[in-house]
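Residue numbers (this note's numbering), protein chains in the order written: chain H, 163 to 604; chain S, 163 to 604; chain R, 163 to 604; chain V, 163 to 604.
Please note that the accuracy of each hint is not assured.
It does not matter which identical chain is meant; a pair holds if it fits inside one copy or across any two.
Said to hold, decoys possible - Below are the DSS-like pairs computed for lysine-lysine, each with C-alpha atoms no more than 30 Å apart in a straight line: (1) K445 x K207; (2) K207 x K543; (3) K498 x K581; (4) K342 x K574; (5) K547 x K445; (6) K364 x K420; (7) K342 x K429; (8) K438 x K543; (9) K503 x K445; (10) K442 x K364; (11) K342 x K581; (12) K547 x K442; (13) K438 x K547; (14) K442 x K207; (15) K332 x K218; (16) K574 x K547.
No lab work stands behind these hints: they were computed from the structure.
In this text, all values refer to a predicted model and were calculated from it rather than measured experimentally.
Single-letter residue listing:
4 protein chains.
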Amino acid sequence: MDYVNGPGRNHLFVPGPVNIPDQVIRAMSRNNEDYRSPAIPALTKTLLEDVKKIFKTTSGTPFLIPTTGYLLSLSCIYTCSMLQHIHMHLFHCEIGASYSKAHIENGSAGTGAWESALTNTLSPGDRIVSFLIGQFSLLWIDQQQRLNFNVDVVESEWGRGADLDALAAKIAEDKAHTIKAICIVHNETATGVTNNLATVRKILDRYQHPALFLVDGVSSICALDFRMDEWGVDVALTGSQKALSLPTGIGIVCASGKALEASKTAKSVRVFFDWKDYLKFYKMGTYWPYTPSIQLLYGLRAALDLLFEEGLDNVIARHNRLATATRLAVEAWGLKNCTQKEEWYSDTVTAVVIPAYIDSAEIVRRAWKRYNLSLGLGLNKVAGKVFRIGHLGNLNELQLLGCLSGVEMVLKDVGYPVKLGSGVAAAAAYLQNTTPLIPSRI
Amino acid sequence: MDYVNGPGRNHLFVPGPVNIPDQVIRAMSRNNEDYRSPAIPALTKTLLEDVKKIFKTTSGTPFLIPTTGYLLSLSCIYTCSMLQHIHMHLFHCEIGASYSKAHIENGSAGTGAWESALTNTLSPGDRIVSFLIGQFSLLWIDQQQRLNFNVDVVESEWGRGADLDALAAKIAEDKAHTIKAICIVHNETATGVTNNLATVRKILDRYQHPALFLVDGVSSICALDFRMDEWGVDVALTGSQKALSLPTGIGIVCASGKALEASKTAKSVRVFFDWKDYLKFYKMGTYWPYTPSIQLLYGLRAALDLLFEEGLDNVIARHNRLATATRLAVEAWGLKNCTQKEEWYSDTVTAVVIPAYIDSAEIVRRAWKRYNLSLGLGLNKVAGKVFRIGHLGNLNELQLLGCLSGVEMVLKDVGYPVKLGSGVAAAAAYLQNTTPLIPSRI
Amino acid sequence: MDYVNGPGRNHLFVPGPVNIPDQVIRAMSRNNEDYRSPAIPALTKTLLEDVKKIFKTTSGTPFLIPTTGYLLSLSCIYTCSMLQHIHMHLFHCEIGASYSKAHIENGSAGTGAWESALTNTLSPGDRIVSFLIGQFSLLWIDQQQRLNFNVDVVESEWGRGADLDALAAKIAEDKAHTIKAICIVHNETATGVTNNLATVRKILDRYQHPALFLVDGVSSICALDFRMDEWGVDVALTGSQKALSLPTGIGIVCASGKALEASKTAKSVRVFFDWKDYLKFYKMGTYWPYTPSIQLLYGLRAALDLLFEEGLDNVIARHNRLATATRLAVEAWGLKNCTQKEEWYSDTVTAVVIPAYIDSAEIVRRAWKRYNLSLGLGLNKVAGKVFRIGHLGNLNELQLLGCLSGVEMVLKDVGYPVKLGSGVAAAAAYLQNTTPLIPSRI
Amino acid sequence: MDYVNGPGRNHLFVPGPVNIPDQVIRAMSRNNEDYRSPAIPALTKTLLEDVKKIFKTTSGTPFLIPTTGYLLSLSCIYTCSMLQHIHMHLFHCEIGASYSKAHIENGSAGTGAWESALTNTLSPGDRIVSFLIGQFSLLWIDQQQRLNFNVDVVESEWGRGADLDALAAKIAEDKAHTIKAICIVHNETATGVTNNLATVRKILDRYQHPALFLVDGVSSICALDFRMDEWGVDVALTGSQKALSLPTGIGIVCASGKALEASKTAKSVRVFFDWKDYLKFYKMGTYWPYTPSIQLLYGLRAALDLLFEEGLDNVIARHNRLATATRLAVEAWGLKNCTQKEEWYSDTVTAVVIPAYIDSAEIVRRAWKRYNLSLGLGLNKVAGKVFRIGHLGNLNELQLLGCLSGVEMVLKDVGYPVKLGSGVAAAAAYLQNTTPLIPSRI
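Just chain H, with the same shape it has in the complex (with noise of 0.2 Å):
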């Protein structure tokens, strides 16, 4: 089945799915179980316990829903006249020229942790304030809007952050507490930009206002620093094919007390995402309401066992090393970071802009044709003007050099005039100083 097989390892460096450890790729390969048997509750029980870990919560409830990545739909604001266009190519479409539609083919939506988030929180109609920072954003808000809820769009240009500004003002006049939910993603991975909760949480504090507090963590959790307790966070979501590098397959979701509580009077309509039906399976102690993947379970107990061993604070502390490694090197060869200020820096994400002579498709297209490298594209807005390197999961120094070095070569290819090895040495000269040795070796 491998049929576009290059010789050696496939670089992947989109920002999700990330690169499996094979730890955990050979938990995952076995065969089906009775999920009704002891084993199963008694697994899923130390999964419950630890998940919560990575959320930074204690009080928290975490569910583990079967759901994938982001889902992209098209009927979303931005894309509707580019639809035209693509509708016109539609039967020209031949392997390898297929990343040249991917970069358009994106609009609203959402996934089935975001469903979950929303549809057990709140009603239709009510009121959310949700920030526009680039295509994921765009897409949770699409899902928003299909669901009935009436969305305050706080619009920021992409690559900015969200604005907090414009939030405090709302949060300020909304003396009626119209304001039910504010929807926000820690991450944007469309434009590697890092919003700052903990002033969220300060602006509802300020004014004493009860407003939800709904996260998306997806390109953040087990990756940047996240704090569910101390932000006041009630519903923050992730998914297993991004940080804690796992398939796809299963959607994290962690609610507060309060979420929870909310959760007995909200009336969107749902059955497959209702909380309702896990909470009295877990009371039982055999917590699952349906049939799990067996193999995902085993497969998260291993990438849960890799993350402490290596520490989630050391973790977080890799994935800032090799962030900061990247973007020396973006800055090394010239190039612009899509992120307009160091305060919103991705440390999960670099979404590199090109010069306009450049269609970045290409980048990414001639990466998996000629180096086995995997990027990812730029979407909607910046389709075509950016790139994007995903450097989050389980990764290491020399594997981003590789990387790093491939952009550079695809960057000359496409002719780019990039002084080969300039961005390698800015960003290993950064790692030679700073990476500390492994612990188990020493």
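Use these hints to put chains S, R and V onto chain H, whose structure you have.
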């Protein structure tokens, strides 16, 4: 992690999740990939083409939905009083004891695939006729009610098939075409009852009734004879962890042209399950509106290859052969099949009725604890009264005979005066006459 | 590659290679590593310490030798005339037909482990007493002769144990201590005969004879009671693909202090198998004189962990339980055990004698072609006359009962008037009385 | 068991064992099988046919020998005095420290494949000409001496190729044909030196000398241009863990007709390695004189499939490309290649000479401890003086560039004033010009 390990293989005879062939486990043992590269769409294209064959449709449109097995909730009619009972015992659960609870933990509900089928084709308030014949049809009805449809429930005694005379009467009466859909399980997993779908179609045709024909084929498709086009089924669905012999994780929903047409006007709120998003990506040739599980895609490819190598008709014949052998064993033991008439006999699962002085949960528990044999519990109305032998998926004669020997020993363990070897002998006599040579080895 | 695939599991009941537990397959599913890094010596150290336990020795020195199962050559006494016959038919072989040749293809020979044991302790011309009781002892004798030892062969009828009276006589006579070694198989895999090693030690002790005591424990160690130190065994050996339940690839040889002393003066030419090279690397703590199979080392670790988790004595008891059940089935079928007396019954393999009008090769062939059941052929003198059921390694009761059901059906297929279910019933009656609960599940 | 785990992939750049492609790991992740069933002979037949292609022979006879990598003993000429030194330090070894010993732990020896080649074609006392140019040729010579051949050693300075002028002189003189064989390594793994085999053949032909031509192709075959038939090689051999990219476990020996003829009269004692046993089973079509590793057979099948899919000539070109890039990096770092002349440059391994003030073992140790990079130690005469980069097997450009970046950082770590990025830039400049598109992705 295998802390409840015993020597040798686990004998997995629950009616799902079922045994995964080694070829499929191998195919899934792999790293993530960038699903936007041309490789994954090319793979997906073959999958979408080939899953149509397992539904026996050429005109249907399949959707591969990231979801799970049956979602079991507790809000259903039957189990409310039982729940009181559960809660009192809640904190006494220990490993090894939890089987005793499992048999009462099921209530109403539905899967993602069910939700996909319903919300894409129907609007809140629509009248649907639905057959309650066991736990899983009950769960689906619960979902239908929670999604605000007007469910016209046709109930049968557990162990009997759907009351198609009642259906005929309703259809005959419904000149105004107020019935928008017929919802029926092809095979009720809780009681081992197979419904006659051809008759349903005949009834609809007789009265030229335009109701949609929605079929849960979870424990039938790839194992029982299923003919989507011939029977005019509008939506059929199955799950990866059943006869396809994969891990849990993919719901496969197949929609007729009429169902697709209905989806354009159906008013049920849906985002995650919305077919529209899929269809747009199908048109573009990239197929995935969100991140799929790379591993399950390769696994599905391997599973389909195995099915077609054996031949779908041979697979169906094998299921009939193993099921007949199982029924002969049950008869030899002097026990009754929960299924009341031969016309409803299921070739994927046999529910065995045991004498009143034995608790069937004890059989299941002991099988697992002593013989590493996983059997299915009795659910809800038949909890404690039946145990189930799942004989679906990638399975052969000697595996089944090992299971039947195990059941005999367990029966003796719990005090039923079985003659050891009696069931095995009856099954073997049949199998020795009917099992063909393995074609690749002739 | 699985072009002779059939549905369901292969039922592997040859007396080696045996079923590998999933935990071991998982542990081996990995990339290569630099075996000179500190990781591999640290792993190896635990392995060398722990393999001593399976030999029940504290003073022995183990060697993990990259080698294979039995080397079967054709230069032996018995098969020369058969060979003429083979050559005439040489070009008629096709898939499906080759089993018919297998039963005559075995001759003299030996494994790498045998060669290691002999060449490290003996010099060309040395007199050794060796027992010929079946195909594998014959093969070892052939190797001994080809290595230029002076082999004093003590022959028994196939189906009987080693003639220890003859040994006693020879030892009594040998005042001059011309006998340098006694070579004996603990368990003859071809006939299912277990020799009494304690008696051998007693005989040597009675006469204070200094001969080395060399034991082939290939189909016994980890399955039968084996006590290297207590019985004063000087070299014991086994293979990974037998009761250890690993792939073929490691010969494990364990040498007493006396054997190590003998190796200093033994004049047999050896390089690849020379213990000296190992011992030097043991001293340095790097352990490996050459590149080991990383995968097998991790696999051996997992296999030993499983053995110790179950408990070596429980493993041995399980082998006795499954073997007893098998013998009861054979009796119920009205067939004879090839092993002539109970004192020699083997708990790892049962050779079943069939009536003269049936060719046992046809049984083996048909089992594989129709029921996906792999049985052992009769070899050499008993070719066509017996078939063998291997019941060693990681195996449980229901797997065995599935196999026995299969054997019954095959017997009927080939015209033997077996009563279906009779053997299974006899075996199950015993197992239902004796099988303990799985400790981890109590 | 992965107690020395670090985040991300291990970067395996020792010159063997090398990286195993995922396809091969998957193919090997399986249970044992009965090797006497028709499946394994049918598989083996394809393997024997196809391995001939990697030797570029049509007339040779291949043997798949269960064996290992190089057997390293300590009885050689060079290390005796070093050994005294080792023993004094013997009890100070700890994890993390053992690399420091590794560089002196090698002595004379040989592999099973070597032993197979020698003992099947030669008799004790036979005169053979053998070239000592580095550690592995030295080990082979040690084996030759221990097997009692009369070895005429032609020594070169380490870093230079075999002295073929000396060979020419010896052949010219040897009118009596006392020289029975020429033994030469195609590629000396310790120094990165490739010998010119075509010239050896020319010398023999010039004098019509009948000596056998025995070649160790362990670190060359499947990576360097090797032409068994064209060069008149009589025995060529390689190991699975080298350019074939498999686990350790199979030695592949290929014999010419002349070598087979010689084996009929060769008087070296051999059993385990005797070709005769294989040949008899070849004739019968069952192929295996003993239990092979089922897993390695399927792995070899997958490895050959990958090689042929890429194309053997493309594989060889890729090795040249990666090797050239490595050499350019070494030059850019201002370091010397251990190989003294371009004509001997090895495309599978580069030994890098470092300044006297640095211990190369410290480089290897630090690479592993800090960057999860596995490099090769300097061995014996060049211990401490060189480190080695293995660039063979299933490997691509970005993997190599990651490794080179790592080497740069390590060099800086240990005090060598390398300009970070310099080597990577030089290598990338070459690779960016020469790397072809991946054919399956065009």
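Hints violated by the structure (numbers, ascending): Hints 4, 9, 10, 11 not satisfied by this model.
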